[in-house]
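Student: For reference, the chains in residue letters:
2 protein chains.
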Amino acid sequence: MSDGPFSHVALIGLGLLGSSLAHAIRAHLPATHVTGYDADSAVRARAEELGLAVIAADPAEAARGAGLVILCVPVGAMADAAAALAPGLASDAVISDVGSSKQSVAKALAAALPGHTVIPAHPVAGTERSGPDAGFATLFHNRWCILTPPADADPAQVARLEAFWAALGANVETMDAAHHDLVLAITSHLPHLIAYTIVGTASDLEAVTRSEVIKFSAGGFRDFTRIAASDPTMWRDVFLTNKDAVLEMLQRFTEDLTALQRAIRWDDGDALFELFSKTRTIRRSIIAEGQDDARPDFGRADHGD
Amino acid sequence: MSDGPFSHVALIGLGLLGSSLAHAIRAHLPATHVTGYDADSAVRARAEELGLAVIAADPAEAARGAGLVILCVPVGAMADAAAALAPGLASDAVISDVGSSKQSVAKALAAALPGHTVIPAHPVAGTERSGPDAGFATLFHNRWCILTPPADADPAQVARLEAFWAALGANVETMDAAHHDLVLAITSHLPHLIAYTIVGTASDLEAVTRSEVIKFSAGGFRDFTRIAASDPTMWRDVFLTNKDAVLEMLQRFTEDLTALQRAIRWDDGDALFELFSKTRTIRRSIIAEGQDDARPDFGRADHGD
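Protein chains in written order, with this note's numbering: chain A, 1 to 305; chain B, 1 to 305.
One thing to keep in mind: the hints can contain errors.
For identical chains, the list gives no copy identity; a pair is met inside one copy or between any two copies.
What the hints assert, rightly or not - Using 20 Å as the maximum straight-line C-alpha spacing, the simulated EDC-like pairs for lysine to aspartate or glutamate come out as follows:
1) K243 to D270
2) K278 to E206
3) K278 to D256
4) K107 to E255
5) K243 to E274
6) K243 to E289
7) K107 to D40
8) K278 to D204
9) K107 to D267
10) K243 to D176
11) K243 to D267
12) K243 to D268
13) K107 to D244
14) K278 to E255
15) K278 to E289
16) K107 to D256
17) K278 to E128
18) K278 to E48
19) K107 to D152
20) K243 to E173
Calculated directly from the structure, the hints in this document are not laboratory data.
As the structure is a computational prediction, the values presented were derived from the model and not from experiment.
So here's chain A without its partners, still in its complex pose:
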């Protein structure tokens, strides 16, 4: 597989995910030709400077001749991006993406590119950084990439896309788009919503100053601010496109939080202790499966000074 499953890959959108893909392909599939496009001309210029890919002046040109086209744009921008690249698309190209909600993306891409092979994908990986400078080659190492092929997808093309992601270091899993959206609602979308909320709540207080919130954030709050520093456009689109699953998980979370609130109000220490004990085991499993750093405090550097 030294030539890789696709000899030419086009990346549409060169932010954190697109630029990481460019680095990862160069590191793991060096024979692959990579073209790229971003709707923002400043990003295109920076991507050119960084040598991320052969940068095209329009999306159709970037897609021309590519065996795999990956849309790395916010999920709300997928339909327009697909329509714009369609004129350059080869009839046998595979079209995929990296979006965090999958039912809406599947619908948008199928509508924009009728007759083409669309296999949506979601690498469950990222950082709080955005833009073409944020990417790095190892972002997908030992992370899961979920493919949500439509029921009538060609198994050979699904296997090619799997091989592509595996070559970049990812573990690949295939599931139904609706199930993906439910799983990610709890493992990713709700955590982001809650983190954005509490950081907003803290910044609106009158009795506690902003400077106190910042100074004493090491008590736990700072962990939430990392997630709440993620790309606003990307996350707005995630909540608008995975609305039903997010609202369902949010309802369950609110019920559970209300039960804890009641336990605090009525001094029910046993109920608190029971929950606080059971949640430890999940952390151990996540570390055992290599999905987080085992060192205390994520191995943060700030204790070493």
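On the provided structure of chain A, position chain B as indicated by the hints.
Tutor: Same frame as chain A, now just chain B:
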């Protein structure tokens, strides 16, 4: 100050905080004599093996002759621990602690040790680990330690305790106990409550398996599991002793979350985008003030493999 502000320090409780204090005193104030006690005999034995301190068989013996006695036990255990060490306490000793809520601790210690100098303290530092093996000397470096001396405290003794914490690498701030409890409710207690809740919500789902939650936790959820792996006894006591401030902050959080829920339900992308943009600036301030690791993803090691 090579001899340090206290020639003999007694540590009552040898978990994460007590053992970190032992390491930090040895590293920064090596001339200080350190005695220690823990109510758990297995912890005492382990502390002895680790050479953390001169381990005493009972708390009064550990406190005997100490100029500073620091209670490093869950806040609900402060009153009993203070009563148990009282027989050994020198009349001029300073009694302090490391608890996360301060009004209840001030009251408990004053009641248990009438006539003694009590200056409660809270180093805003910790990890998700517990026990005598979890401690390390740099835990307090560049972290804030909040002192909440009673209004009639002797300024000279407050200054000695400040000098002690500064010698361990901490930045020291003095404030009223009630204000401390309000500030920490938002920067520490509410984040922990929310993290415990969402990890509990995730583990109770039927449609999403536990193994899926673990596999796809890199999408954001894993950050919450770290906090939700903290010591259950300690946190139960925090919520029971700082009830009013936690319930107040929880009420504000719930209102803000309900507003976001409504924005999602009614497709109000502008409201989502506005909040998601404003929360980024707090992260930048926290990093600028040295209260978190500036590297993406906290500098987690898991991208390097």
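Student: Sort out which numbered hints this structure fails and list those numbers smallest first.
Tutor: 4, 6, 7, 16, 18, 20
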